[in-house]
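Using UniProt numbering, the letters of the sequence shown correspond one by one to residues 1 to 89.
In short, the hints are calculated from the structure, not lab data.
Worth double-checking, as some hints may not be accurate.
[Said to hold, decoys possible] Pairs of lysine-lysine residues, derived as BS3-like cross-links and limited to a Cα-Cα distance of at most 25 Å, are as follows:
hint: 1; residue 1: K83; residue 2: K17
hint: 2; residue 1: K20; residue 2: K87
hint: 3; residue 1: K87; residue 2: K56
From a predicted model like this one, the values you see are computed outputs, not experimental measurements.
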Amino acid sequence: MLQESNRIELKEKLNDKLEKEICAFLNNREGGTLYIGVADDGTVVGVEDADLLQKKVAERIRDNILPSALGLYDVTPQEIDGKTIIKVV
Numbered sequence: 001m002l003q004e005s006n007r008i009e010l011k012e013k014l015n016d017k018l019e020k021e022i023c024a025f026l027n028n029r030e031g032g033t034l035y036i037g038v039a040d041d042g043t044v045v046g047v048e049d050a051d052l053l054q055k056k057v058a059e060r061i062r063d064n065i066l067p068s069a070l071g072l073y074d075v076t077p078q079e080i081d082g083k084t085i086i087k088v089v
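With the hints as extra help, turn the sequences into a complete structure.
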């Protein structure tokens, strides 16, 4: 089970704070990982249409974070407990 920490952020669904969370991780020497599709208590709820969500997340990071963060992160689907989540590293 995943658990939030200073390097792990859990989001049940995509929200308006995505860019803020990603910037915080980019500015942290140790980086961090954001999981979308995981509740705050670590329960994996999964996401609908992981391909579309993966694209939306990558577009928001590309379009809304300046200077560009291209090449500094990866957005990938991941299977946990038979459910698909989105992992942003």
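Quick rundown of the hints versus the structure:
Restraint check: the Cα-Cα separation between K83 and K17 comes to about 23 Å, which is no more than 25 Å; the hinted pair holds. Between K20 and K87 the alpha-carbon distance is near 16 Å, which keeps this suggested pair within the 25 Å criterion. Simply put, K87 and K56 have alpha-carbon atoms about 13 Å apart, close enough for the 25 Å limit, and the pair holds.
Checked against the numbered hints given earlier, this structure breaks none of them.
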